[in-house]
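S.K.: Given next are the chains, with one letter for each unit.
There are 4 protein chains.
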Amino acid sequence: MSIIPPSVLRVLNNLRASTTLEAAQRKLEPQAGTRTPKKYLRAGRTVNASSVRALWRQIVSAKPAAATAQHQLADDETLETAEHYAGNIENMIGTVKLPVGVIGPLRINGMNANGDFIVPLATTEAALVASYHRGANLITAAGGASVAMVQEGVLRTPGFRFRSLLESGLFVDWVTREVEALQAAAEATTKHGKLIALEPVIDNDIVFLLCRYTTGDAAGQNMVTIATDALCRHIGAHCPIRALNWYIEANFSGDKKASYLGVITGRGRKVSASVMLPGALVSKHLHATIDDMLAYASMANLGSLLSGQLGAQAHYANGLAAFYIATGQDAACVAESAVGFTRMERRGDDLFVSVTLPNILVGSVGGGTRLPSQSAALDIFGLKGSGHGAALAEVAATVCLCGELSIVGAIAAGHFTRAHESLARHR
Amino acid sequence: MSIIPPSVLRVLNNLRASTTLEAAQRKLEPQAGTRTPKKYLRAGRTVNASSVRALWRQIVSAKPAAATAQHQLADDETLETAEHYAGNIENMIGTVKLPVGVIGPLRINGMNANGDFIVPLATTEAALVASYHRGANLITAAGGASVAMVQEGVLRTPGFRFRSLLESGLFVDWVTREVEALQAAAEATTKHGKLIALEPVIDNDIVFLLCRYTTGDAAGQNMVTIATDALCRHIGAHCPIRALNWYIEANFSGDKKASYLGVITGRGRKVSASVMLPGALVSKHLHATIDDMLAYASMANLGSLLSGQLGAQAHYANGLAAFYIATGQDAACVAESAVGFTRMERRGDDLFVSVTLPNILVGSVGGGTRLPSQSAALDIFGLKGSGHGAALAEVAATVCLCGELSIVGAIAAGHFTRAHESLARHR
Amino acid sequence: MSIIPPSVLRVLNNLRASTTLEAAQRKLEPQAGTRTPKKYLRAGRTVNASSVRALWRQIVSAKPAAATAQHQLADDETLETAEHYAGNIENMIGTVKLPVGVIGPLRINGMNANGDFIVPLATTEAALVASYHRGANLITAAGGASVAMVQEGVLRTPGFRFRSLLESGLFVDWVTREVEALQAAAEATTKHGKLIALEPVIDNDIVFLLCRYTTGDAAGQNMVTIATDALCRHIGAHCPIRALNWYIEANFSGDKKASYLGVITGRGRKVSASVMLPGALVSKHLHATIDDMLAYASMANLGSLLSGQLGAQAHYANGLAAFYIATGQDAACVAESAVGFTRMERRGDDLFVSVTLPNILVGSVGGGTRLPSQSAALDIFGLKGSGHGAALAEVAATVCLCGELSIVGAIAAGHFTRAHESLARHR
Amino acid sequence: MSIIPPSVLRVLNNLRASTTLEAAQRKLEPQAGTRTPKKYLRAGRTVNASSVRALWRQIVSAKPAAATAQHQLADDETLETAEHYAGNIENMIGTVKLPVGVIGPLRINGMNANGDFIVPLATTEAALVASYHRGANLITAAGGASVAMVQEGVLRTPGFRFRSLLESGLFVDWVTREVEALQAAAEATTKHGKLIALEPVIDNDIVFLLCRYTTGDAAGQNMVTIATDALCRHIGAHCPIRALNWYIEANFSGDKKASYLGVITGRGRKVSASVMLPGALVSKHLHATIDDMLAYASMANLGSLLSGQLGAQAHYANGLAAFYIATGQDAACVAESAVGFTRMERRGDDLFVSVTLPNILVGSVGGGTRLPSQSAALDIFGLKGSGHGAALAEVAATVCLCGELSIVGAIAAGHFTRAHESLARHR
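Chains as they are written, first to last, in this note's numbering: chain A, 1 to 427; chain B, 1001 to 1427; chain C, 2001 to 2427; chain D, 3001 to 3427.
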């Protein structure tokens, strides 16, 4: 009985069988100037059909085998509309096409999103759309989900290093006295952003300044960066306590990262959605009883806790990634958005199910929302442009509720594997 | 001085100004049968041009305004190739187009990926590709990054509930005696998957059985589900200790979720990539000295810790999401993959930088890798099809290394805001 | 090569060798009424010499072998002073004696604690006091540590369950309008406690109400419970939105538990302490150079991150537990207090070291501070009674700083094992 | 409406009112040589009555007011037995006396602890013993708790830094080939310790080597340090891949720290304890129905999750700290032990309750177990000396079960505040 974990031995055995020390050394060492000349790809600031073609010439000259790829990525329609992408990409060589499926109509009784919505989801994973569609149908059959955005506030968290703890304290003191001017400096950069909280965190000679903003209808990551930069420059120009150095973001905000700060205080829009499901509807749509659902939910909750997840939920990331990609949101924000809490509880003969997501980062303006196909996807459910940021967040949360219902039902009923086997069968 | 947090007051004030209690009540309550008739969207199992058109008729009839969206999503090329997407989507209505930019050539001195790679990234966020490209150029100028996959093992974690702690113990005892048969049952379902570890976790009358697999060149999420289902059915058929209930996944594996289990034991492929950068190259490419980089890195590391992130890194999610989407990976896995550890250390006159990602979930086969444009994207750097799973993971990690270098340089040099302002200027 | 972890196999092998299934079953099943009659120990409310003796009679009658223990626990001095313990224990049978060692004089340049302190530490672990003493001497030799309490606020977090998300919102709305009355209700119960923040957290139909108090010179756990109870009763009496149920503590505050809430927002007193150490002093006292210290600190920081600790520090728990026990604090609070952040950085020829603890729970009044020997321990350094709560927290943090310096030095210099071997040699 | 959090403003206002900048500066700056001469306390290696008295002379000369404290700490009995403490403390000046209460008889149906136990708990917190006693009586009335140690393995985690990732890999390779010799080296230092797993974790050029031991009947922290030191020295003497530096503990093991590593893989002894409680007994003992208990448990579980606790439980730390202190265990280990999972579930007319603690660090030998009063405390329930380590861990877990039942009952029934008010009334 070896005391080395079997998975370690497995990796080592494979390596020993497939390589030698000398070969490994050769592979891993720096290769300065010994291979292809270092010609980096170069593209001007302009993005248009001709810039795309120019890049392809460079690619194909370096990698002739890549030639066959060109027309799939740089198809005619993409070339014709290339200029539309200019503010969203650099070194553009074309577009990748992700299939979009729809779910619904999903009845949402929301403070901001209210009505029956057909929601587009972009994914390459079989069974995902079918599963969320199943959840949507169940919710709609039950009269819809109650949903509200209960909080909002995108963070940017500059960090300032001083000479001592005393200076940290004096700096915080100055900030609290200067708060109107700081607010003015930040808000001067934006029509829609509002600085709603300034929360200092001291670690001895370092001060993190949590700047929390509402961002109108935009997701707002750039908006808060620019506003905070102005705020920091105001500090630099006026604060008598001079920082040794400072940074626009001290890696504290949880931007693009799951964090307990996000779980506890929220980042972006916090939305809670719930539905009350009669037992008969649950059985009809999910082939599982309320007791089946609860028995699984209780074990799943334990699984979350024991494996050190942030919150407890089944697969928000699936619905969020598909919704974010379809509607021109920042897909990287799935990393921070896909945390939260799914609850399932018996209420008499009904099943109460809720999801609460503290960090939804979506916008109905800005980002990729005005790109041709993303904009079209937003048109399907009509939440494009000004006035729809909060509604979009409510739809995102309700989509997650669909997914939680469906997957919990599938696992509780023992259908999970079968769905994946059968729907991916065409591959 | 109110003792209520200002952000709470802000939300409440907005609500009070914009709605009444009666209006809110009306909005939030279930709306069974009172609005549009509940006609769910229906699509057959077939995906082709005609199924796409049929769904659009349903959408437009429910939502006439959606008509304008049709040709952007269901363009001619998409309609012609619709059948290719059949195994990857349900209820398909078209494709969404994400712009793809390239970075590189990125010199990778990897155990599996070895050479100069032009890497496609799909994103709608301005500055992302430019930033990663900058990092790639720096790495290549320094002779490339050393990279190795050091571990692999996708988890599926069924859960079993028994009558007592004693039965849990007897079950674990039985499993350890029956391990060859369980391995055989699981591996009979797959040509490439291997069950490499079976790790039981007992919580009184519940046993979580961590099943860890290598998955060949596939990301392997479906593969491990099917194999584990077979393993569980073998248990059901043969184990004398009968579970009260069991589930194929007890929400323990970290599938689509950031978790400490993933951070500590890894899920998917664990890859470490590093580069040694002469100070002069750092200054030339990033306009920051090594000391500048380290001063920021130290504060950023503290920011990670104080805000409760898993690991410490700047923005793996950006690179991973863009790489996953471009190459047909599961974008939802960004939620679990975007954790890990970036280190920056001075080594004489050089800067050592490494990234280690314990949970990379990529495949060179399966998932969306065979779709037209995704397959083309893989062709650009030549890691498509059998034999390239590990290499793909090494590229993914090196892309993250590019991004870490570039963003740390930008923040350290004070250029972060400016890059975003200027590159998003066309919007 | 088995795929079962070796540690699991080990446990099973031991069990198989030492027991049978039948024996295990017999051991684990409920034994109602089959053994000794169920006579629970009974002690009246009074605590004095005679109540102690009465309990011993019951114990010895149930367990004759326990008789020899009586005089060690219920020694003459304990019996004579038994009444002093009446407000701190029930079912009292005596006292346990923990050895107390002293460190110092420790020079503390604190906002509240200022001077040279001899600090008593109670522990049964060899080498602990010697190690902290070494750190104290180094700090004093360098002119002392700069220390300040930068924040305070003990939490109690009642939870309220309503009928719907809407009611949750209405409740929060009511709370924000009624804040003065709530504050008055809470503060009417206490001379020293002040309610300084009311932070609602909504999870659909549940509202957690984070009540944050300053607690004067007491640790304040009971004070905030009683004040919050009054606050809740005011809500019950006056709030038109009736909770379905509510609880004085919804397990959200982090009371007696490490939590990210505590790490991020603080619970109790947050103190930061630092010292600037000339390299020569480091070498003289710790037998390690600054570079040695930093090399280890960097790996230790990585270890913290990779193993999922809250914050990054070496062993605050050792110093805190010993200090809490010696001075009559609540030793269980070590669970929440022993988190935070140790930083070590080079500053020219000096080593900067800081510790920041967000959750120190100590009081110079209340709890066990007025018990005979605990009160005496406080007398040694003169921070007993009113006016010393913040100072006590600053001493606690500085003690942790002593411990961090010493252990990092010992491990960096390779002396860690030796110290433990040699100092525990008398056992 | 200020955007600064009210608790920050409160602290600043207090500071502004109570100090000036100049005063603060004076307080915080280093005070080298300006105050009392730096005479550190000096005590020889010997611990006896005369060494204790010698230290008191130094203390009183530095701090005359401390004189009154002497006889409380250095009482006659302590002076007479001072030599007994020699292996457990340095700079000894006396003993602190903590009151000890008893609970029980607690019926434990354990694999290792089996019978009716009277358990001593040392605490200065009113209501704690009464509360645990209540839980114990309920468990005993129900026929006792089923308990088993299901896993054990104390960790020590040395870290090794190499020149490159390749060297890390070669080192791991060497370790796996040399495993018998390493095991022999480690186990040669101890009669009872066994090295049961060696788990390498690579972060590029650093390898953490998780060494997992069973430690016989000792808690084993020193045992594993000494064994691992020998293991590392064997590596140093024989491994051809030379580490740039290495450390006996790379802050990865979770020693004295709550960590997800501990939650997931366990550190020390993992014990699960449960009880099945008829509803009538619950009502009689706790004045709450099963439904009351479950309603609270569900909210408390959510509170754990939303506030970022490790696991979900109410107050293990209270029971563990009191049990550890009474029985001579290391109280600092409460920081790592007080995590785990409490479950409450309805089973027909019964309430099932379980606790699972993955990191119990207790020993029936070693540490403080042989000190006079601690040894006496162990005598009360008869688990002293060889052969009782696992049993002791089972008792510790069952004590936690008592506490969970009682506090959940108290909060569910609304009695929590009252108990604390009334039992602390004598102060």
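These are calculated hints, taken from the structure and not from any lab test.
A hint or two may mislead.
Derived Cβ-Cβ restraints for the label pairs, each shown as a range [to be verified]:
| hint | chain 1 | residue 1 | chain 2 | residue 2 | range |
| --- | --- | --- | --- | --- | --- |
| 1 | D | T3046 | C | E2345 | 32 to 42 Å |
| 2 | C | H2287 | B | D1291 | 26 to 36 Å |
| 3 | D | V3060 | C | W2174 | 21 to 31 Å |
| 4 | B | K1284 | C | G2348 | 43 to 53 Å |
| 5 | A | K284 | B | E1080 | 35 to 45 Å |
| 6 | D | K3039 | C | R2057 | 44 to 54 Å |
Predicted model, so just to flag it, every value in this text is computed and none were measured.
No residue lacks a Cβ here, since even glycine has one placed at the ideal position from N, Cα and C.
S.K.: Next step is simple, just say for each hint if it's right about the structure.
M.R.: Evaluation of the provided hints:
no., hint, in the structure
1, T3046/D <-> E2345/C: 32 to 42 Å, "40 Å, holds"
2, H2287/C <-> D1291/B: 26 to 36 Å, "29 Å, holds"
3, V3060/D <-> W2174/C: 21 to 31 Å, "59 Å, violated"
4, K1284/B <-> G2348/C: 43 to 53 Å, "28 Å, violated"
5, K284/A <-> E1080/B: 35 to 45 Å, "38 Å, holds"
6, K3039/D <-> R2057/C: 44 to 54 Å, "51 Å, holds"
This entry does not satisfy hints 3, 4, going by the numbered hints stated previously.
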